[in-house]
Amino acid sequence: MVFGKIKGFFGRMFSGLFGKQKEFSLGFYGPPNAGKTSLANRICKDWTGEEMGSVSKIPHETRSVQFKEKVDIDYNGKKLEMKIIDTPGIATKIDYEDFLKFGMKKKDSQKRAKEATQGVIDSIKWLDDVNAVVVVVDSTMNPYSQVNITIVGNLVARKIPVLVVGNKTDLRKSDMKRLESAFPEYDVIGISAKFGKGMDKFYDALFKLANKV
Amino acid sequence: MGKKSKRGDITLSFIPYSDIEKLDSVYRVKKILDMTLKNQIVILQGRLEPEEETSLIQSTMALVGRIKNFKGIEIAVINPGKESQGFISKIKFGIARALVGQRDALTIVGPASLVKEIKRDPKKIDLMLKR
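From first to last, the protein sequence lines are chains A and B. Residues 8 to 220, numbered by my numbering, are exactly what the first sequence covers, in order. Residues 796 to 926, numbered by my numbering, are exactly what the second sequence covers, in order.
Here chain A stands alone, though its shape is the one from the complex:
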């Protein structure tokens, strides 16, 4: 174990001095409408000036995996270059009739549902291609949903470092203590991606996460 740490230390030192550091791919995972794209947009806006994807109140707005290459973060004297992978929300059920409630036409709802099912399949496939994952959950919702547990369980099984982010802390129903108690073994950060609240703590945690890779 000590040998491993020494080897890791020298590996990082020499790759920093002489070689190009391996690209850091950060995946954003979570259930639909948790705010994965909102957070990805916030990061991209902060460091590249451009947003990544559209957001909506209607679930499954992100239905295909989206990328942003070369996002350079320079925060408190620390630097990190990463590729952001924003994934469609993982769900166990998708009913096109749910979209009708948002005023969508039947045909559009059916198309959205079809694309969303493929999005879930693709999200799971992409688990093999990320170095670390930010699991974004809605802090106003029950954190013990099976989707959250399944995602984190898979990341642990694949030895992928995890950061849990509770979004929507600006809302009255937000309950970070409940979220922290649901994931006692992980770093849990509360943010409001919409208003940029809690981003300092998020970036601190992100560097800590990157160091685990």
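Incorrect hints may appear among the rest.
[Said to hold, decoys possible] Covered, in the sense of this in silico footprint (three residues per stretch, anywhere, with C-beta under 8 Å from a C-beta of chain B), are these stretches of chain A:
#, stretch
1, 72-79
2, 166-175
[As the list claims (entries may be wrong)] So these bits of chain A aren't anywhere near chain B, every CB distance computed over 12 Å:
#, residue
3, Lys64
4, Tyr82
5, Lys86
6, Met111
7, Asn138
8, Asp207
9, Ala212
10, Ala217
The hints are simulated quantities; they were obtained by calculation from the structure and are not laboratory data. Positions of the beta carbon are idealized from the N, C-alpha and C atoms, including for glycine.
Add chain B to chain A, keeping to what the hints say.
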């Protein structure tokens, strides 16, 4: 084995751990999915491996929209040992897990057309059915 009959009865199907213990991952997932496609609510002694859970979700999504009235599944796992916080409890739980495998957990899977929601908190599961 059961399903919602014309009278509105609902039967739950129990799968003992011994029934899936020796099955390959593909057949474990297939067994559960086949039963939910028959409108059965499955109560499985034990739990699937994390990769099997994602495989179940992927297979489910591949079937939504292709099989009439199939909208997906509701799934919840309750794992009593997981909530043990103390160090000694965790060691005891680890030893028990090594001896008996995953059979101390309980997994509930049902078709989304029948099961409205499975509410899970650390120590209980509420199964809410559609009328």
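Checked hints:
1. For the stretch 72-79 of chain A, the stated coverage by chain B is not satisfied: 0 residues place a CB nearer than 8 Å to a CB of that chain, which falls below the threshold of 3.
2. Given a C-beta distance limit of less than 8 Å, the hint that chain B covers the stretch 166-175 of chain A is violated, as 0 residues qualify and 3 are needed.
3. Consistency note on Lys64/A: stated as away from chain B, and its beta-carbon is indeed over 12 Å from all of that chain's, at 20 Å minimum.
4. Separation of Tyr82/A from chain B is adequate, the least Cβ-Cβ distance of about 32 Å exceeding the 12 Å criterion.
5. For Lys86/A, the shortest C-beta to C-beta distance to chain B comes to about 33 Å, beyond the 12 Å cut-off, and the non-interface label holds.
6. Every CB of chain B is more than 12 Å from the CB of Met111/A (nearest about 16 Å), matching its label as outside the interface.
7. Its beta-carbon lying about 18 Å from the closest one in chain B, Asn138/A satisfies the requirement of being farther than 12 Å from that chain.
8. Consistency note on Asp207/A: stated as away from chain B, and its beta-carbon is indeed over 12 Å from all of that chain's, at 30 Å minimum.
9. No beta-carbon of chain B comes within 12 Å of the beta-carbon of Ala212/A; the shortest separation is about 23 Å.
10. No beta-carbon of chain B is positioned within 12 Å of the beta-carbon of Ala217/A; the least distance is around 23 Å.
This entry does not satisfy hints 1, 2, going by the numbered hints stated previously.
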